[in-house]
Amino acid sequence: MLEDELSVSTRERDGVAIIDLVGDVTTFAEEKINSAYAQVTGQGAKHILLNFRQNDYINSAGIAILIGIVTEVNRNNQKLGVSGLSQHFQKIFRMVGLAQYADIYQDEDEAIKGFAAATT
Amino acid sequence: MLEDELSVSTRERDGVAIIDLVGDVTTFAEEKINSAYAQVTGQGAKHILLNFRQNDYINSAGIAILIGIVTEVNRNNQKLGVSGLSQHFQKIFRMVGLAQYADIYQDEDEAIKGFAAATT
Amino acid sequence: MTSHPSMELSFPSELGYEKVAREAVAAFARRLGCDRERVEDLKTALGEACINAIEHGNGRTPGLRVEVSCFVADDRLEIDVHDRGLKRYEASGTVAGIDLKLRGLAPLRGMGLMMIAQLVDEAGFTESSDGGNHFRLVLYFRKI
Amino acid sequence: MTSHPSMELSFPSELGYEKVAREAVAAFARRLGCDRERVEDLKTALGEACINAIEHGNGRTPGLRVEVSCFVADDRLEIDVHDRGLKRYEASGTVAGIDLKLRGLAPLRGMGLMMIAQLVDEAGFTESSDGGNHFRLVLYFRKI
Ligand SMILES: Nc1ncnc2c1ncn2[C@@H]1O[C@H](COP(=O)(O)OP(=O)(O)O)[C@@H](O)[C@H]1O
Ligand SMILES: Nc1ncnc2c1ncn2[C@@H]1O[C@H](COP(=O)(O)OP(=O)(O)O)[C@@H](O)[C@H]1O
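Line order of the protein sequences matches chains A, B, C and D.
Numbering-wise (my numbering), the first sequence opens with residue 1 and increments by one.
Numbering-wise (my numbering), the second sequence opens with residue 1001 and increments by one.
Numbering-wise (my numbering), the third sequence opens with residue 2001 and increments by one.
Numbering-wise (my numbering), the fourth sequence opens with residue 3001 and increments by one.
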């Protein structure tokens, strides 16, 4: 009844596969996030950006899903970035150690530049 | 403990006495609003604008205070305008009949023009 | 309705708590898919009902609590606002319009119930045997 | 604390209701004067505690309710999250860090209590004889 409204979509920009996440990131997000990841990986993505939109609600079950993505990213030799997190969730991502495995950018533009700089 | 944070201040612009109301307008607002009104009236104001800031909470006790102001405005042959109300509270002001006794403007600029047009 | 309440809220009879009730119920209604303006209407209506329970039904006695219970059905959200009934509600004839108020012929207050009636789909006191007042507000979900 | 709760909230053990609890308590804390980032911290911490009560303590049994009670003192806000204790909380040693998780040596979940501990000033299960789990969160008011 009070299930999440999360919309997940994918697009590509300057060689970066962007997964846009709008809404709540909780246990109900698992299928949507994993299949978006599988899709861009199937298309050969090497650089992946999880692009949030100042989401108001990300809980520990949602973070567990993202850690699962990091596992896959490491296995597949991809590079992961995260952008668009509020200050609060940037802090949370650092708290759980995600910041060690994914570069945290303020916004999409900064992330695209960051990926480009890392490539050259 | 959960008392209101309302700040009421007065200023003058193009011959209009503006009473700015930022915060909750409830029964606790009575003294602040009445003394702001008394102050501008003491200074001879003929045109008075109650300038809200998209306030989130105005209740029927707060509206009763404003009706009290209308009584005084009528008695003192002043003209009253209201600006800066959210759509919701514009509807409420119409519902209780306040819109018959005070011109409702979208914002301060529109109100100042409205007062000027009424004078010429 | 006979179902169990989905969300319940209770608070002391002090003015100010109605603001927390407004926001809690608004969050709930938003999550149920009510649109923005409906949520605004509900907030204003619920706030008035809570103030009435605090001021009239419980006579601003902090030790007496106000209980807000939400019931959700397929087509509607029902909310019961319950006080201890220190004063029992009695209908008092007609509601004075602003003209009478301005002419000093009616008290400035006394607009809450009228506002509530216009803001939600159904509203009114319901019968109960527990000695308190129960005020019920109903919002039908509009299919978009 | 022996005082009466100021605001109480109760809801069925279904995921999703923690969102309403987050917003209700946030509204309350905001009204008590907590600043923005403190309120964000509290929302995240409280959401985790409610999910634990829903999932673990009440085993996602909708008929069992979670109760959130707020107590306000001069210097702090205390919140008690109460479930029915279908499963009693048992401390389980150390919390796995992200490296173990990434190497597949620890489950991906299991970060809630650790997050809560870092976000509020005090947190933990308290003793009680009513058969349920009581989880307590405390936020001290910082004088600005
Ligand atoms: N919960 C209640 N318990 C007892 N009496 C009530 C309650 N709610 C409303 N009333 C009665 O109805 C009257 C009208 O209420 P309302 O329209 O909200 O205006 P106001 O509260 O400003 O008087 C109140 O003055 C009171 O006598
Ligand atoms: N309210 C509770 N009732 C019973 N057990 C609990 C409760 N809260 C937490 N626990 C136990 O503590 C463990 C750790 O909780 P937590 O850190 O929130 O991670 P997660 O909920 O993801 O497992 C849970 O797996 C559970 O066994």
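These are calculated hints, taken from the structure and not from any lab test.
The reader is advised that the hints may include incorrect statements.
[What the hints assert, rightly or not] Straight line, CA to CA, 16 Å or less: simulated EDC-like cross-link-like pairs of lysine to aspartate or glutamate: (1) A:K32 to A:D14; (2) A:K91 to D:E3040; (3) B:K1091 to C:E2040; (4) B:K1091 to B:D1056; (5) A:K91 to D:E3078; (6) B:K1046 to B:D1103; (7) A:K113 to A:E12; (8) B:K1091 to C:E2008.
Do the hints match the structure? See the list:
no.	hint	in the structure
1	A:K32 to A:D14	violated, 24 Å
2	A:K91 to D:E3040	holds, 11 Å
3	B:K1091 to C:E2040	holds, 11 Å
4	B:K1091 to B:D1056	holds, 14 Å
5	A:K91 to D:E3078	violated, 23 Å
6	B:K1046 to B:D1103	holds, 14 Å
7	A:K113 to A:E12	holds, 14 Å
8	B:K1091 to C:E2008	violated, 29 Å
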